[in-house]
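*Asks:* Given next are the chains, with one letter for each unit.
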Amino acid sequence: MGLNVKIRGKAVATFRYIHVDMMETLAQWTPSSPEMEAKLMLGEHIWDVAQSADALGKRTRELRMQLHHSEKPADAYVELLADIRKEPGTAQRLASFYEVLLPGLAERYRAYLDQTDTLMDGPTVRIIEQMHAVEARMMSQYRELRGEVPTLGKVDSTWVKALSQRESQIASIVT
Amino acid sequence: MQDQTLFVPGPARDPRFDVKERWIECANFPPEHPEQTVQFLHRQMNEEIDSLESSARNLSDFPDADWEIRMCLARQCADEARHSRMFRRLFEKRGGRVGQYPVLNFQYRIITRFDSLAGRLAIQNRSFEAGGLDAITAGITQARNDGDFELADLYDAQVADEISHVRFANEWIRKLSEKDPSNLVRIGLAMKLASQAFAEVMGKEGTEGVHYPADRDGRLEAGFTAEEVEITARLQAG
Chain A
1 MGLNVKIRGK AVATFRYIHV DMMETLAQWT PSSPEMEAKL MLGEHIWDVA QSADALGKRT
61 RELRMQLHHS EKPADAYVEL LADIRKEPGT AQRLASFYEV LLPGLAERYR AYLDQTDTLM
121 DGPTVRIIEQ MHAVEARMMS QYRELRGEVP TLGKVDSTWV KALSQRESQI ASIVT
Chain B
176 MQDQTLFVPG PARDPRFDVK ERWIECANFP PEHPEQTVQF LHRQMNEEID SLESSARNLS
236 DFPDADWEIR MCLARQCADE ARHSRMFRRL FEKRGGRVGQ YPVLNFQYRI ITRFDSLAGR
296 LAIQNRSFEA GGLDAITAGI TQARNDGDFE LADLYDAQVA DEISHVRFAN EWIRKLSEKD
356 PSNLVRIGLA MKLASQAFAE VMGKEGTEGV HYPADRDGRL EAGFTAEEVE ITARLQAG
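Here the protein sequences line up with chains A and B, keeping their order.
Each residue of the first sequence is one higher than the last, beginning at 1 in this note's numbering.
Each residue of the second sequence is one higher than the last, beginning at 176 in this note's numbering.
One or more of the hints may lead you astray.
[As the list claims (entries may be wrong)] Here are the simulated DSSO-like pairs of lysine-lysine, each with C-alpha atoms no more than 27 angstroms apart in a straight line:
#1 B:K367 <-> B:K350
#2 A:K58 <-> B:K354
#3 B:K367 <-> B:K379
#4 B:K350 <-> A:K58
#5 A:K58 <-> A:K10
#6 B:K268 <-> B:K195
[Claimed, not checked] Cβ-Cβ distance ranges computed for the label pairs, FRET-style:
#7 A:K72 <-> B:P209: 53 to 63 angstroms
#8 B:F324 <-> A:E79: 51 to 61 angstroms
#9 B:Q177 <-> A:K58: 41 to 51 angstroms
#10 A:G122 <-> B:K350: 29 to 39 angstroms
#11 A:K72 <-> B:V183: 30 to 40 angstroms
#12 A:A76 <-> B:A408: 55 to 65 angstroms
#13 B:P238 <-> A:K58: 15 to 25 angstroms
#14 B:A240 <-> A:E107: 30 to 40 angstroms
#15 A:E107 <-> B:R264: 35 to 45 angstroms
If you are wondering where the hints come from, they were derived from the structure by calculation, not from laboratory data.
Beta carbons: idealized from backbone N, C-alpha and C, even for Gly.
Take these sequences, add in the hints, and give me the full structure.
*Replies:* In structure tokens:
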């Protein structure tokens, strides 16, 4: 059985909260990250993430919530977002965003698509598929950046792995 | 020494950059100097980064702003990042390298000093970028006259984006001022202090003899009223 409208709305509103938060994080990092190539990539990705938040916010209205309604995710996920935002080094910032948050979200999109009725919930499915494609491109740009500026790839892999585990241990982000 | 009360600390730059505080400390070649165009493109690359950083700060500093204007600011971030890449591509093609000349971060240091979004938009988009419309439009004509069509095309693409940035600022300054008339006072104060700060950075050397005719069509397209365009045109004509 698929998800009902209320549950779909809560999931979409939660994804919106996360995308607005990610937009603000990238914006906060842009002036304080010294490496020019990183700044320029972040600047471009602010708009990518904002467009996803916008599409999700329009969808919340269609799912009988307020226009651009956001729902706070589970506390553990909110804490993860806050900790990532506080990272001071550019390499750690980028790794936590592009190697932990985005791949984690991709898994959560997949889980949502497995659960929902793709016919009844077609508009959400389209938005998620688009977000997935955009975020895959963002991750690819991050890998290219690491090739261009090798110091940005110098991150403790154990730390990244631990952060990924922390992310994946949060079973559900929807409250 | 600069009056530091007029500025906040600058944004982070990597070690390739030599950041100065005043225009006179930069590489200011005469127009006929062989490196002048490359130096100018390098300077513009950094100015676009400053604009990106200021727009990004507007997103992170005003989380309760209307979603519609946040979307405009997010788009501006991507546009300014793209402009910076456009300038970099061109000066590298012409033999320049990142960090070859000193840069100024006065835009960011002046704009982000203010705690009102309306004030920041008035300085960044409605003043710096609107002034840019006049300069870029004059630059398109000059580049075409010089046979530099590559540069003319870059300016042509840039000015179209800048018009959108000025337009949304004009729209939102009006909305924000209608919603809260005290924003008009904030804008007035911000403009006055920004003007003092700009004069400190540029000095007489950086502004004397630098005048561009008002881009009337561009300014109208960017949401200025006919009366505002007329006043600007008269002021700029001296």
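*Asks:* Going through the earlier hints one by one, which of them does the structure break, listed in rising order?
*Replies:* none
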